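Chemist: Keeping their order, the protein sequence lines are chains P and Z.
Going by our numbering, the residue at position 97 of the first sequence is 97; the numbering climbs one at a time, nothing skipped.
Going by our numbering, the residue at position 64 of the second sequence is 64; the numbering climbs one at a time, nothing skipped.
One thing to keep in mind: the hints can contain errors.
[To be verified] On the chain P side, residues computed to face chain Z include the following (Cβ under 10 angstroms):
1. Q11
2. H29
3. Y33
4. K42
5. Y50
6. N52
7. Q64
8. F65
Note that these hints are calculated values from the structure, not bench results.
Just so you know, these numbers come straight off a predicted model, no measurement behind them.
Here a beta-carbon is modelled for each residue, glycine too, at the ideal position from N, C-alpha and C.
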Amino acid sequence: EPEVTQTPSHQVTQMGQEVILRCVPISNHLYFYWYRQILGQKVEFLVSFYNNEISEKSEIFDDQFSVERPDGSNFTLKIRSTKLEDSAMYFCASRRGQGPDTQYFGPGTRLTVL
Amino acid sequence: DQQVKQNSPSLSVQEGRISILNCDYTNSMFDYFLWYKKYPAEGPTFLISISSIKDKNEDGRFTVFLNKSAKHLSLHIVPSQPGDSAVYFCAASVMDSNYQLIWGAGTKLIIKP
């Protein structure tokens, strides 16, 4: 069964460093998402991506964040200058097409900023 | 801004009985609702969904009921099994927002043997 994969499973970085979180969505899916969950809090939407551009982003997704689909299979989230409060689980999701359908999630990357 | 609320942080149910998880929402524009199950250190796993044009959807042991007038949905699991012990999230989306999911806080379901 196709699944969304994410690497690395755990990333530890120093405050101010750049990190890139990687995701491989399900191959025939067209819509891609990043969410995050800070420990003990709700899952929060960050950004949606379709047709090689951002289609929607939340207030959390400020200038330090960027997304890219560099090669038609990977979908990346870059955080340019990490802050302590960026420590969270980051989940990638994808869905197939237009209309309401299911978003499938990857296992997540735990980001720890020291 | 709690558009999706799950008011029960935890629920304990005897194995074999029915588990009922509840979710309330405030945004009348939501048109698609989903339930996800999540184990610690894993991503959310899709369980079942319902469109706002329906009031019930069933898949095996899982049934979701939607009451639009009350802005309430519930997930019924019957019979409950030990493997159902997990955190259950209700999520909702709106077509115009590219179906970004708005999440509830989750309910931890514990199935007692």
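Chemist: Now, for every hint given, state plainly whether the structure supports it.
Modeler: Now for the hints, and whether the structure bears them out:
Among the interface hints, the one on Q11/P is violated; its C-beta lies about 14 angstroms from the nearest C-beta in chain Z, farther than the 10 angstroms criterion. A hinted interface residue such as H29/P counts as satisfied when its beta carbon comes closer than 10 angstroms to some beta carbon of chain Z; here the least separation is about 12 angstroms, so the hint is violated. The restraint placing Y33/P at the interface with chain Z holds, with a minimum CB-CB distance near 7 angstroms, inside the 10 angstroms limit. Of the supplied interface hints, the one on K42/P holds, with its beta-carbon coming within about 5 angstroms of a beta-carbon of chain Z, less than 10 angstroms.
Checking Y50/P against chain Z by beta carbon gives a least distance of about 7 angstroms; that is within 10 angstroms, so the hint holds. For N52/P, the shortest C-beta to C-beta distance to chain Z is roughly 14 angstroms, which exceeds 10 angstroms, and the interface hint is violated. The interface hint given for Q64/P is violated, since its Cβ lies 20 angstroms from the closest Cβ of chain Z, which is over the 10 angstroms cut-off. For the restraint placing F65/P at the interface with chain Z, the shortest Cβ-Cβ distance is roughly 15 angstroms, beyond the 10 angstroms limit, so the hint is violated.
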